[in-house]
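Student: Each chain, written out:
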Amino acid sequence: MQISFTLNGRATTVDVDPATLVSDLLREQLNLTGTHVGCDTSQCGACVVHLDGVPVKSCTLLAPALDGATLLTIEGLGATAGSNGLHPMQEAFREHHGLQCGFCTPGMVMTATALAAANPTPTEAEVRHGLEGNICRCTGYQNIVIAVMAGAAAMHATSAGE
Amino acid sequence: MGQVIGIGAAPKRKEDQRFLTGRGNYVSDIKRPGMTFGVFVRSPHAHAVLRGIDKAAALAAPGVVAVLTGEDVAADGLGSLPCGWGISDAKGVPMKEPPFPMLAQGKVRFVGDMVAFVIAETLEQAKSAAELLSVDYEVLPSVVGVLDAVRPDAPQLFDDVPNNVCCDWELGDKAAVESAFRKAAHVAKLSLVNNRLIGNPMEPRAAIAEYDPGKSHHTLWTTSQFPHVVRFLMSALVLKLPEHKVRVVAPDVGGGFGVKQFHYGEEAVITWAAKRVLRPVKWVADRSEGYLSDRHGRDHVTEAELALDENGKFLALRVKTLANMGGYLSTFGPNIPTNLYAPLLGGVYTTPAIYCNVKVVFTNTVPVDAYRGAGRPEATFVVERIVDVAAAEMGIDRVELRRRNMIPKEAYPYQTPVLVQYDSGDPMGCLDGALVAADVKNFGVRKAESARNGKFRGLGFSTYVEACGLAPSRFAGRLGARGGLYESATVRVHPAGQVTVLIGTHNHGQGHETTFAQIVSDKLGVPFENVDIVFGDTDRVQFGMGTYGSRSLVVGGAALSKAADKVIVKGKKIAAHLLEASEQDIHYESGKFSVAGTDRVKTIEEIAGAAYVPHNYPLEILEPGLEEQAYYDPVNFTYPGGCHIAEVEIDPETGIVTLVNYTAVDDVGTVINPMIVEGQLHGGIVQGVGQALYENAVYDDSSGQLVSGSLMDYCVPRADHLPMMKVATHSTLCTHTPMGVKGCGEVGTIGSPAAVINAVVDALSHLGVTHVDMPATPNRIWRLLQNASLPVAAE
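Protein chains in written order, with the working numbering: chain S, 18 to 179; chain L, 12 to 806.
None of these hints come from the bench; they were simulated from the model. Built from N, CA and C at the ideal position, the CB exists for glycine as well. All the given hints hold, so there is nothing to weed out.
Straight-line Cα separation of at most 25 angstroms, SDA-like style, residue types lysine to any residue; simulated pairs: (1) L/K138 to S/T77; (2) L/K23 to S/H173; (3) L/K42 to S/T77; (4) L/K23 to S/I163; (5) L/K737 to S/T138; (6) L/K138 to S/T37; (7) L/K25 to S/A167; (8) L/K23 to S/E141.
Short derived list, chain S residues pointing at chain L, Cβ under 7 angstroms: (9) C56; (10) E92; (11) G95; (12) G119; (13) F120; (14) C121; (15) R145; (16) L148; (17) E149; (18) Q159.
Chain L is faced by these chain S residues, among others (derived, beta-carbon under 8 angstroms): (19) T50; (20) Q60; (21) E112; (22) L116; (23) Q117; (24) I152; (25) C153; (26) T156; (27) G157; (28) I161.
Produce the entire structure from the sequences given, and follow the hints as far as they go.
Tutor: What follows is the structure, given as structure tokens:
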């Protein structure tokens, strides 16, 4: 079937088997390999993207759900704000060493930006709770939590300054 | 113009830009023209005779390109997966080493054992065809636990391995230990289980293979921590290919923790298959498939006894361990519970006599091999737990008992009774620092506050040491290593002065691209941004043993440092020519070659220019170019260590253990990048906390099925399980590595399980609890509380 949606700001139309998962569509058909697949039980969150601004696990979403919707992936995040191609949340992850092997990072950053958009000044407990659906095996989460709090502040400062 | 950013600075990481923007290049991201897709058919039985495989239906399925089985492997005369270590028992009898075929032959020995490889045009077609493969199994009784496996009537995995014992190994002076026990005023005893773990790097394993018939050349992209070793083992021993016709690439790899430091059968099968079908073949493991095939870790059953004199001085330690090897010997398998375990039983203490017996045992489970810490967390857990048991039994404060037995700073280098000689350390300094940082003196106040809220609060200590920087080749060879364990680095200074480093270690989260660039920037005085680190490709990097055992900075960094020194030596010769001075008069500092006592200077950029455009150059005595290579073989292990203090709160109503505070003061030697070191400590600690509180690989005893086979059933720590940890370093310098570094990748995982469990036991000690096995899950704690003789109340 043919579906049309906005992908990282661009109108996109693809021919797709309706049984295709969004993560597979992105990775295999559209060559957007920044969205990662780390599990098969919707636990790890490496595949999180924004569907109409809401963070969703793209490994459990079928492609037809995209028809008429707006999809943002990690590849499109930096282009939407910030300098040097980095969104303030991406910049905060770099600044606070919130990533090591990088595999969980795209999903982690996408979850974090949605969390910070909904709650500009999250507490540490709120951030930890908000990241419960994203697993990182490298960092012990500490610097991720610090980065998300800093990134939320930076997102807020950036939008307040506009 | 960029800046020199040297040792001790904390620049942001070079690797982050690509990872943050989704532009990493992991194996599963790679596509090749004409690529096919492979699926492994794995045994659903723990133990069975493989009577036959009928390929017909699978071969006839749409899109199927090939179906390969163990019979095809045998027909092609291929070898089995090699074990890199050969250990022996006390009499020198070598371990039993049954073959580990890359696809099962005759029998399957664990759930997940590979039976066939199905290749099709699409992944869906391969999966559908795999389901059509008809495999005739004659199911046999199976055994999954070590205690059961050594019983006389236990099912036997291999005809020529009686009682499933691969090796009955020992270390230490048994007679001296027995004599010390006879004189002891007190003997503390402890039986414990070191729980079986599954590493779970977030990137599942994957591989792509391609064969170029025009050049008779193979390429394998694989999620590996040591591509050169994979090339060597696979080419020389399994597929019997000429090594120069095989390229192995491990690009960005999403975490390893040991799980990716073995040569896996999948790598050999897919490389072999790509030549048979003359198409690129791709395989990506599902997470569930990873649970059934990634090598597992730990899985010990241990009895330990500590002999003490009347003052609490340790006289001797005796340890008996049964270690699970799983169904076959993996690459490092038998080395982990023996050579990487028993030599660490001295801990940071002056225990004069130690004896350790380890029975290495086959069971119908996934092969067990190194997982972050590998042997050393198990040893630390034994030592640090039994010290607490002894302290409680003798009525001596736990910290005081540790102090009475600790190796004083002045006593280094310190020869232990179990092979290793610690070169440097200051365990007392780490302990003192941690006691302050953890605010131990006010623990009573916090405990009382918890009690008012109906909670039990406990404090746990772990003062530990590890051996890392694997390894001095000669020493490892005596212990049974079948290969060398050096590292290599090439420093290529380009004509305009930028630098490419080619190094044999592998970066999969450790930040090598940053740390190693700092070393080069520091030594050569070139801007940090002008240094790139290349790794993970056997066609680009000369050779290397890869990354494991906290060895990258210790061994690889040393090779890099030596290669940079050689660049400086050559640079001095070039400078002497250009500055018309004698080589002895050339002074080098921070990228500048000067004639001592003058203002005549050449920068390293000018030296590089002269080396590559040698118009004015001492060609009679010196070759053009500025590229140097060094191989470095360490003279000893390094011995990081430290003190970890965990503080937990237990809810007696639910049995939930909450880690409320965690403090670590670690001695990792020279710190190159403190930001990265902190990150390594955080991650390591949390993996150890995972072992202590959450993680457990569970097999069903009767069926041999893995019960904890997904992230739904095997609990890895989440962000909301953890407090903000306090980590700090208290460094003594390693005396034998060029920069004084000791390594930091595993310390967290080694120190933390004992600290956490000691805290849990402390919280429950008023109920008569003396030991809690890992993981201390709510279920386990709740049951303990129900069985405790005292009423379940905080006060």
